[in-house]
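Visitor: If you count by numbering that gives the first Met the number 0, then the sequence shown holds residues 0 to 728, one letter each, in order.
Honestly, the hints are just simulated from the structure, not real lab data. The beta carbon of each residue, even a glycine, is placed where N, CA and C say it ideally should be. Any given hint could be a false lead.
[What the hints assert, rightly or not] In silico DSBU-like pairs for lysine-lysine, Cα to Cα no more than 30 Å straight-line: (1) K324 <-> K557; (2) K551 <-> K573; (3) K551 <-> K138; (4) K324 <-> K365; (5) K423 <-> K411; (6) K66 <-> K557; (7) K324 <-> K376; (8) K423 <-> K376; (9) K296 <-> K493; (10) K493 <-> K251; (11) K493 <-> K66; (12) K138 <-> K490; (13) K365 <-> K376; (14) K66 <-> K251; (15) K92 <-> K423; (16) K433 <-> K288.
[What the hints assert, rightly or not] Each pair of labels, with its calculated beta carbon distance range: (17) N393 <-> R282: 26 to 36 Å; (18) S396 <-> F342: 38 to 48 Å; (19) E494 <-> K324: 44 to 54 Å; (20) M591 <-> I546: 23 to 33 Å.
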Amino acid sequence: MPKNSKVVKRELDDEVIESVKDLLSNEDSADDAFKKSELMVDDQEEKDVDVEEGSDVEDERPAWNSKLQYILAQVGFSVGLGNVWRFPYLCQKNGGGAYLVPYLILLLIIGIPLFFLELAVGQRIRRGSIGVWNYISPKLGGIGFASCVVCFFVALYYNVIIGWSLFYFSQSFQHPLPWDQCPLVKNTSHTFVEPECEKSSATTYYWYREALNISSSLSESGGLNWKMTICLLAAWVMVCLAMIKGIQSSGKIMYFSSLFPYVVLLCFLIRGLLLNGSVDGIRHMFTPKLEIMLEPKVWREAATQVFFALGLGFGGVIAFSSYNKRDNNCHFDAVLVSFINFFTSVLATLVVFAVLGFKANIINEKCVIQNSEKILKLLKIGNLSQDMIPHHINFSSITAEDYNLVYDIIQKVKEEEFDSLGLKSCQIEDELNKAVQGTGLAFIAFTEAMTHFPASPFWSVMFFLMLVNLGLGSMFGTIEGIITPIVDTFKVRKEILTVICCLVAFFIGLIFVQRSGNYFVTMFDDYSATLPLLIVVILENIAVTRIYGIDKFMEDLKDMLGFSPSQYYYYMWKYVSPLVLLCLLVASIVQMGLSPPGYNAWIEDTATEEFHSYPTWGMIVCISLMVLAVLPVPIVFMVRRCNLIDDTSGSLASVSYKRGRIIKEPVNLEGDNTSLIHGKSPSEVPSPNFGKNIYRKQTGSPTLDTAPNGRYGIGYLMADMPDMPESDL
0 MPKNSKVVKR ELDDEVIESV KDLLSNEDSA DDAFKKSELM VDDQEEKDVD VEEGSDVEDE
60 RPAWNSKLQY ILAQVGFSVG LGNVWRFPYL CQKNGGGAYL VPYLILLLII GIPLFFLELA
120 VGQRIRRGSI GVWNYISPKL GGIGFASCVV CFFVALYYNV IIGWSLFYFS QSFQHPLPWD
180 QCPLVKNTSH TFVEPECEKS SATTYYWYRE ALNISSSLSE SGGLNWKMTI CLLAAWVMVC
240 LAMIKGIQSS GKIMYFSSLF PYVVLLCFLI RGLLLNGSVD GIRHMFTPKL EIMLEPKVWR
300 EAATQVFFAL GLGFGGVIAF SSYNKRDNNC HFDAVLVSFI NFFTSVLATL VVFAVLGFKA
360 NIINEKCVIQ NSEKILKLLK IGNLSQDMIP HHINFSSITA EDYNLVYDII QKVKEEEFDS
420 LGLKSCQIED ELNKAVQGTG LAFIAFTEAM THFPASPFWS VMFFLMLVNL GLGSMFGTIE
480 GIITPIVDTF KVRKEILTVI CCLVAFFIGL IFVQRSGNYF VTMFDDYSAT LPLLIVVILE
540 NIAVTRIYGI DKFMEDLKDM LGFSPSQYYY YMWKYVSPLV LLCLLVASIV QMGLSPPGYN
600 AWIEDTATEE FHSYPTWGMI VCISLMVLAV LPVPIVFMVR RCNLIDDTSG SLASVSYKRG
660 RIIKEPVNLE GDNTSLIHGK SPSEVPSPNF GKNIYRKQTG SPTLDTAPNG RYGIGYLMAD
720 MPDMPESDL
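Use the sequences and the hints to build the structure in full.
Guide: In structure tokens, the structure reads:
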């Protein structure tokens, strides 16, 4: 930057903010001040240097300490628990390796383009979700509020899952692990195994009875589970302390919370590959079933997973991006984070099925031993002839292959009475085909597998610490999607708002730590986010491409990035992505209508899950969650459309002289206010140009208090105009 520029900028200490009406009424004095000012034009490169040197710029906004910190924050937000326990389940269920094909196609069609769009608008406007969509179209300002509501709903139950992980983490520092064996019950006469555990398994019993102490229905509250209440409180305290200073505090934690899960996954992968049967699990996982790939359901579920894996519509992506410099290459960020997310899902899938293959091998060995004993008994009592058993078979050390050979022979010879013999086919594939996801995978299947690991407490500690970190990374982005828009819009202190938000969320979250709390988690997970977020992202796409203008947006991207983005994005944003999103919305509504609304309740007497329909009040809650999430959109539209709220700042925009720069701050009321400033129609108003800055040295101007940054807290520099007429001000 030239020396004289720095001298001029150091002298620009006075800030004057007046409304346009006041400026027009004092045109002569304003003109005198204008004539006394010195004009200096700095190019974009000098502006960036100025930002980096920490001098005051038009937007005194916190910034990331480094590009790495920002990338880790976006990765931490997008890579969450779903990558570990949802993606492997979908991959197994929908054709194994063949599922990766529709997933990658949809990642390119809706994932990367929409992720790029959110990164770009956040970086371009430098506000949270409320400010961004108010800026683009005040009538669609409800999009930002809807994102905040969805973020709040998701944060309520997502932190409960972190609390569950904290509980298991705290119980992992003992050998043997507490879920290793069924507990014994003593009475006056004898000792016996807990019946509920004996009917299910040790890990299943520990999850439902020891951890959740679950009730038998949604209507049966059962009171608070004090252990989980303490864990939920601990989870919210962790989130609050990490977020209280915004990205200054959470950004530093990202180095650990985002990187540690990869260390654990790699350790689990190496350890898993050394276990007996792990290769069977991985082979089963990636054996493509091409016929399944053609089913519409596979594409719907792949699109849904792409959509939620990147955190689209939550506002967290926009919030994180708003702390970037305006010339940051957000296109590179979008592609990088999207593929990191994808490869993380594949890595997690390898780990999960390596471990599940090991578990299936152990269960299969037990099956072979038990059924071999049955065959020996049948041979002794004469139900089976010794002649049908091959001579090389040794039942004392029989292998799975030998057992299946004997099983097939008996099935052919005793075809009519085979069912009465009670023999089972012991196939590893049958065990691997038992698809599990979510809490069933993390807290039951995976924990059971880890009990067979050497040094099982160590691996248990690592696994649940990984889950905590994955959850926290996503929670930081979710809370940022609430805090940043509110701070930008209402100018409240971030520290106070963060504490209040976490306290309110904790007390509302107590419904999730009742004995029936797991059923409420299922309800919120199914109904609070899916449809509302789809609607939000569709409206985001329409706002940018139709309201703001796709051509204008592409020009803004060229100005920010320094190069023109590929025309691929033009066609994706304008035509393909909206169409795919609408199809996904319709398919989700149809799927929701065809699936009976309900939940799987744990029945203590039978130690099994049983499907229950939601009671009437439960259905009202489900519908209310969806309605409340999208309600801000029509409300804000009607308020803006009918001018129901009087704007206290007047009908005209305000103009700020801040550090010598002219900053236009649009209020965006009905009848585009910029037209009142420039005397132009809305269509003639030029888009903001960040290419050059105008610095003005004000001489003799009094020091005045600085007003807030406009109604929505959004400002941009006026374009460089060498011969600016008086009418422009």
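Visitor: I'd like to know which numbered hints this structure contradicts. Please list them from smallest to largest.
Guide: Failing hints, ascending: 4, 7, 9 and 19.
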